[in-house]
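Asks: So the protein sequences, as listed, match chains A and B.
Counted the way our numbering counts, the first sequence spans residues 58 to 514.
Counted the way our numbering counts, the second sequence spans residues 58 to 514.
Just so you know, these hints were derived from the structure itself, not from any lab.
All values reported here derive from a predicted model rather than from experimental measurement.
The hints are all genuine.
If several chains are the same, the list does not tell them apart, and a pair holds so long as it fits within one copy or across any two.
Listed next, the in silico DSS-like pairs over lysine-lysine satisfying Cα-Cα at most 25 Å (straight line):
hint	residue 1	residue 2
1	153	314
2	138	314
3	383	510
4	117	188
5	117	87
6	67	469
7	153	138
8	153	192
9	187	153
10	77	153
11	435	188
12	153	63
Protein chains: 2
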Amino acid sequence: MAEEKKIPYKIYLNEEEIPKQWYNVRADMKNKPAPLADPATGNPLPAEALNVVFCEELVKQELDNDTAYIDIPEEIQDFYKMYRPSPVVRAYCLEKALGTPAKIYYKFEGNNTSGSHKLNSAIVQAYYAKKQGLKGVTTETGAGQWGTALSMACAYFNLDCKVYMVKVSYEQKPFRREVMRTYGASVVPSPSMDTEVGRKINAEHPGTTGSLGCAISEAVEVAVTNPGYRYVLGSVLNQVLLHQSVIGLEAKAALDKYGVKPDIVIGCAGGGSNLGGLISPFVGEMLRGENDYRIIAVEPASCPSLTRGKFAYDFCDTGMICPIAKMYTLGSNFIPSANHAGGLRYHGMSPVVSQLYHDGLIEATSVEQTAVFEAATKFARTEGILPAPESSHAIKVAIDEAMKCKETGEEKTILFGLTGTGYFDLVAYEKFNNGVMTDYIPTDEELQASFDKLPKF
Amino acid sequence: MAEEKKIPYKIYLNEEEIPKQWYNVRADMKNKPAPLADPATGNPLPAEALNVVFCEELVKQELDNDTAYIDIPEEIQDFYKMYRPSPVVRAYCLEKALGTPAKIYYKFEGNNTSGSHKLNSAIVQAYYAKKQGLKGVTTETGAGQWGTALSMACAYFNLDCKVYMVKVSYEQKPFRREVMRTYGASVVPSPSMDTEVGRKINAEHPGTTGSLGCAISEAVEVAVTNPGYRYVLGSVLNQVLLHQSVIGLEAKAALDKYGVKPDIVIGCAGGGSNLGGLISPFVGEMLRGENDYRIIAVEPASCPSLTRGKFAYDFCDTGMICPIAKMYTLGSNFIPSANHAGGLRYHGMSPVVSQLYHDGLIEATSVEQTAVFEAATKFARTEGILPAPESSHAIKVAIDEAMKCKETGEEKTILFGLTGTGYFDLVAYEKFNNGVMTDYIPTDEELQASFDKLPKF
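Please work from the sequences and hints to get the whole structure.
Replies: Below you can see the structure in the form of structure tokens.
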């Protein structure tokens with residue numbers, strides 16, 4: 058295999074090879090994702106209505122289902138150069154440890170201080186906010202990767218950044234909070250006494266430790282009631298997947314450089330930002346009939362929106378003040394168990410990913426937490442990188458597929474997305490190391506109770 | 058400045074350009090560093106004596122003052138490819154924020170899970186231990202970067218790894234501990250009840266939270282009393298600086314590629330592992346009369362071994378069971394204040410760095426903690442990377458030098474070593490963010506009291 062020998066451990070593109078345009082997979086989709094709609098009426102929301110919540114240029118991108126390639130502004134291209142291109146790594150050491158004939162590659166997005174791919178979209182959203190002349194942006198954060206990424210982006214553009222952090226995370230993850238503060242963000246434990254919705258929840262549930270849904274509602278309220286502020290979001294939305302296409306475009310360009318075509322592309326799926334970005338150019342080729350890939354979305358068994366959810370319009374937040382979206386959902390009333398992969402603990406799924414799954418272009422599977430940490434530990438010990446729990450869902454399935462190849466002798470090429478690092482997830486690793494990690498799978502009754510409360514449009 | 062425009066944000070060497078030999082600066086030094094000596098007699102220790110504590114091949118490297126280039130074993134070259142080459146980054150964004158005509162470059166060693174350059178030597182020491190047929194290695198760790206790096210290296214070579222972690226760090230840095238455990242190391246809070254020296258200290262000082270000197274003594278005791286074990290160390294020793302030369306060699310090769318010659322090379326200095334590695338090829342050119350550079354070692358004002366220490370033989374550990382070394386030292390009885398840059402909190406300095414400083418080839422300066430965190434925050438907000446407190450000492454002086462250029466209009470080229478990331482140092486960042494960080498400078502009397510106890514050889 059002389060040809061294979063030439064593939065380096067890490068494939069870096071040159072700076073000039075970083076994509077100059079994002080790829081909008083919606084342009085190639087026959088069945089477009091359903092539009093965001095009014096939570097009161099179920100009617101699609103026009104740009105003017107969305108402009109109250111989001112930045113105008115981002116609303117344009119959100120609604121644009123036709124333009125296949127959208128220019129990346131030069132300022133963003135420059136910022137990307139600070140931490141991109143990210144490498145595609147050939148997992149030689151993992152392959153050796155597994156004894157598999159499969160060829161495993163991963164696109165590693167964790168080598169920036171936000172610790173994940175979230176910065177790819179945060180910087181864009183901050184840029185358009187600045188360009189619109191805004192004073193600042195608001196957002197929520199749970200696990201903290203998105204909040205960190207947005208803080209970094211706002212520091213760069215000198216924008217005010219207000220992060221509503223789920224109170225339990227605020228208290229349990231003081232280090233995440235301090236990273237955001239170091240970047241100049243103000244971090245508020247949610248529910249707070251700053252907002253109407255926060256005061257209401259605090260009054261109704263004294264001592265509550267908050268939830269992501271509540272934090273979203275608070276962040277949106279602050280954005281729409283303060284002139285010069287808008288709300289920004291790190292996943293789910295079409296615009297976010299558009300920006301994250303940089304992951305897939307880079308990955309594909311790096312593999313193309315060495316004539317490598319993946320048979321299987323694997324990504325973890327919470328709101329869909331990483332998965333949607335990673336797979337977009339591959340799915341694009343499938344949609345255009347140019348090529349075929351097996352694409353697998355991996356979600357936690359504790360929060361299985363694709364594999365066990367309904368494809369329906371649902372609320373994005375618990376306060377029900379955000380637009381509603383048509384997506385695979387467990388119902389906005391579903392409270393995911395304390396799975397440590399905070400970034401995958403969301404009841405819904407990006408409308409784009411949902412539509413692609415509905416149309417049979419991608420598969421989905423769910424995995425349990427303990428098995429995920431076993432895979433994470435194996436990966437850490439062989440490839441040297443301590444993976445985020447979210448990313449480790451993809452690792453788990455990549456290893457499973459590689460082991461199937463070992464049985465069959467097939468030399469499949471596997472690409473997976475390694476979205477980030479686990480430096481702020483060591484409470485979870487500690488539980489695993491001490492053998493006290495538990496798994497949880499919601500019952501059918503539990504899910505049905507949540508489905509019963511889906512909005513009726 | 059058309060030529061300058063071409064320099065990318067990040068200069069990566071190709072995998073084939075990773076050094077295949079380490080550079081041993083001792084070969085070019087007219088005044089060799091003094092040899093390790095017997096703490097009982099002050100006489101130089103022969104290889105046979107050192108072989109009881111250290112791996113044989115490493116002892117050879119320790120004592121070799123003549124061979125300028127030493128081959129990097131192929132297995133190590135392969136491991137290096139997993140996380141190297143590390144980039145040389147042109148700090149365009151920092152330059153812009155400072156408004157300086159200076160050109161600032163940094164060699165970033167933090168993009169691996171150990172979070173620092175420590176892995177460069179850990180993997181080599183683990184390799185030689187494995188090759189010697191050992192069962193395992195022992196070491197101590199304070200801040201935890203070295204322990205993490207060694208755990209990763211031992212996981213790779215399937216070696217047992219026993220880390221004595223200063224008890225106060227063990228308790229205050231549970232996350233560092235968990236990273237090591239994830240890599241399969243056993244982490245023991247020091248002083249423990251496993252060793253004679255540990256039991257003695259626990260008996261004499263009930264409830265003590267330990268010290269680095271005590272942890273070293275414990276690790277050495279376990280190594281010399283257990284067949285198949287040796288002690289390994291992450292700094293100070295000649296062998297460590299040899300391995301770390303990969304930093305400087307890569308940095309120089311990357312700059313040479315673009316025809317860039319630094320006027321000033323800056324590194325933080327604790328035990329000297331990073332500084333010695335970064336500067337070695339530059340100092341080599343100075344020693345051979347080929348080129349001239351200004352080289353600055355930066356140490357904390359709270360632990361100023363170069364700027365205020367004595368150049369003398371001293372103990373490396375408090376248990377006084379290790380060989381003694383001739384170095385700039387504050388005396389092994391000096392207890393550094395709780396400066397957050399744990400990696401710089403060592404009473405001594407590498408004999409190689411000490412000799413170079415003594416011979417006037419490098420300068421040294423000391424900086425205070427609060428100013429260091431101001432520089433760290435500025436760097437984080439402009440360059441996107443959250444730096445380790447240790448590394449931020451170099452950032453502080455690089456910024457100072459760049460600001461001098463702003464005053465004089467000089468377009469100096471500055472290279473500094475960014476040794477690692479600060480993800481496990483957020484207690485310190487929190488103190489800084491809350492405005493409660495304090496500075497400490499030892500008094501002359503305090504230092505004199507420690508100097509009075511230096512061994513008399």
